[in-house]
Amino acid sequence: MTLARHTGAALLVAVVLLILTVRLSPFRDFQIAEVAAYATAIAGLTYLIGLSGQVSIGHGAFMAIGAYIAAVIGLHQHWPLELIFLASTVAAAVAGGIVGVAAARLRGPYLAGATLMLAVALPSLANRYAGLLGGDQGLSFSVTTPAFLGVTFPPTRWLAWIACIGALITLVLLANLGRSRIGRSWRALRDNEIAAALSGLNVARLQILAFVISSACAGLGGALLAAVSAIVSPGAFTLTLSIGLITGAILGGLGSLAGAVWGAVVLVFVPTYVQDVATSHGLSSAASSNVPIAAYGVVLIAVMLLFPTGIQGGLRRLLGPVAPAASTPFNALRRRGPASEHQEEGTT
Amino acid sequence: MKRTHRANLALTAGTAIVAMVIAACGSSATSTPGASSSPSSGSSSAAALTASAPGITPTQILIGSHQPLTGVAAPGYSEIAPASKAYFDYVNSRGGIYGRKIVYKYLNDVYNPTNTSNVVHQLVLQDGVYAIFNGLGTPTHLAVAQYLNSQKVPDVFIASGCECWNAPAKWPDSFGWQLDYVREGKILGNYVKQHFKGKKIGYFYQDDEFGQDGVKGLNYEIPKSQVVAKESYNPANVNVGPQVAALKAAGAQVVVSFSVPAFTALLQLTSLKLQFKPQLVVSDVGSDPTTLGGLLAAFGKNKKLSALTQGIITDGYLPSLGDASNSWIALFKKVHDQYIPKLPFDGNVAYGLAVGYTFVQAMLKAGRNPTRQDLINAIQAGLPQGPSVAPYAYSATDHNGITGAYMAVIKNGALVPKGPVLVTDTSPTGAITPDTATQPAAPASGVPSP
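In the order they appear, the protein sequences are chains E and D.
For the first sequence, our numbering gives the first residue as 1, with consecutive numbering after it.
For the second sequence, our numbering gives the first residue as 1, with consecutive numbering after it.
Careful, some of the hints might be misleading.
Said to hold, decoys possible - Derived pair list, reagent style SDA-like, types lysine to any residue, alpha-carbon separation capped at 20 angstroms:
#1 D/K152 x E/P154
#2 D/K230 x D/N219
#3 D/K105 x E/P154
#4 D/K101 x E/T279
Read the hints as simulated data drawn from the structure, not as lab findings.
Only a predicted model underlies this, so the values are computations on that prediction, with no experimental measurement involved.
Next up, chain E with everything else stripped away, as it sits in the complex:
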């Protein structure tokens, strides 16, 4: 029942996206593709943090795994694209499982520290194994537009389609998962681990599962991002990316899939938009190149002050009286603000 509703909604969104990508300019298509890639990764992370209550500051590392797997396979094998993306997802999931086993033993700042280390250390593997992974300059991963679309078909539209399909499948699966027994169990252990354990839930297994699923999403997001930017290199998977993912998840609204998309939109559009505004107002390059970073911070502060539950939470509050709560499946996914979670971590 839920599956049917989510799939139906996804198909609707797919039709809207199809119309958008055809009608908008090639650069907007490129940005839509970027948003879709980031949304895929953030969606997994927002579940990990918002639903299962585990923090990861290292999800950029799983994106790197997905991206590098895609590039290495793309370079040496002639696999179909969907198979390459599947391999990326699986590889990142396996890595997530390994990290998850360790993560399930760690709490709060220790978990954050461990995942932080992952984000810092993993990309340098590319330099360690430069022969296979291309070192600092990375590997190229180009997606060719299929011939049946014709030579005049904009390549960025094809990228947007690929990325949006990947994102939509991920979002549908996650939406169902969130409404399932597993989703409810995650919420239970997020709210109170001891109570959840007393109710018969296997806390460690659920936490590892959350890590596996969110890493799989990050892996797919990384592979999609590699396809969009046509290159995979360590410089693309810095700590800044991992922090950006968390920022996106929090800005959008922790635990909310729609919020994940909002977060991705902010990550992609705000810097570009602000730089355009800054340069068009004749600011010196030293100033205008730093303005996007500052604006990003201002947006972050403003959203947190105005909508402590993220953009999606704020929207829901504004639209609340119009839309009955029962008809918004995402509403159920998110009940508590991030602040209360931090308090919990502190007191246990």
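Could you slot chain D onto chain E? The hints should help.
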């Protein structure tokens, strides 16, 4: 942005919303083409000037670039694009290129290839630039070279000495500019071979295309038996203690360094700490005295440390900044003082001005109403020697830029040339010969003649 909002609305309120959504996206679609609409030709004042290519209108030439304006690569390198822009402003104030003004839009990619891809797509698709000019960095530019060539966007005078840009069959629209690292390695290696006979040589190099190409060139010249240690560093790790200790343990008397300025400074400061005093031979990329001196003082927290640049052997492919009598340096100083007086007058600024000059040369040769291919053809037909001390290599089969440099030693914060300009090729056995022709002087107007 509307998309997500819509995604949620669709979930909430169902199909009734869709009609509204489609209506809304119709309106946003109508607004976008306006941003990139090509101007109509036939303005009465400039009848002969047409909108001959994307980015070219009867009044302007729009070009774009990706540059590290913030982040790790920004110190020094962030001066290059403003310097090029200053030269374009100078040319614009003297009538521009056949009456068109050059508009140079450079965007910050923070030296991150994903951002590079993003900003270059923006420049090509949204802003509709005529060409990408002087995109900075090897890993960053590799992210977009294939894309630019597939879109037939001229990708000219890339700010990286990677020999990879010289691939006319694979990337017909890409051109290098600065002395490539293989040639530079050969010229430095040749000097070391002649002047440090029998001495123990150590290498210190960045572990990527930049350092590896340089080492390739060095190996072509320096006898294997003399090289006692080859130590590489990763730019993400600022601790070079182990490498310097290994060089010291091997007893290296001369250290040849293919490093960026920050790592030349780290090499020197770490050597000082370990009381290791080899003769340094540093590639042009990592030896700009102003940048290096500033970094030494900043890292060592002592202003006197900037004197460590004294005595470094290096090479230069642009005239020495200390040579005030040189017509090119005089021109650079004039443009600098008029347009970018707040920036230091250093090697990065000279680089930006010089590469800007080369672009103007190429555009003038491309003709009054150039297509994109006209610019490619103009460069492939060869460009006359400009601000560089050696000629360009450009031809239909060679997309490398400057072919030679002079050896120099740093004295009191400036390069003092030692010996003639040396030119060579990128082959293992190609001879290194003095360039007997004297460098043509800068035009009095400061603008190349068509």
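Practice problem: Mind checking the alpha carbons of D/K101 and E/T279 for me, to see if they're no more than 20 angstroms apart? | Solution: holds, 18 angstroms
Quiz item: Is it true that the CA of D/K105 sits at most 20 angstroms from the CA of E/P154?
Solution: This hinted pair is violated, its Cα atoms lying about 24 angstroms apart.
Quiz prompt | Straight-line alpha-carbon gap D/K230 to D/N219, limit 20 angstroms | solution = holds, 11 angstroms
Quiz item: Under the criterion that the straight-line Cα-Cα distance not exceed 20 angstroms, is the pair D/K152, E/P154 satisfied?
Solution: Holds: D/K152 and E/P154 sit about 14 angstroms apart, inside 20 angstroms.
Hint check: a violation occurs at hint 3 only; the rest are consistent with the structure.
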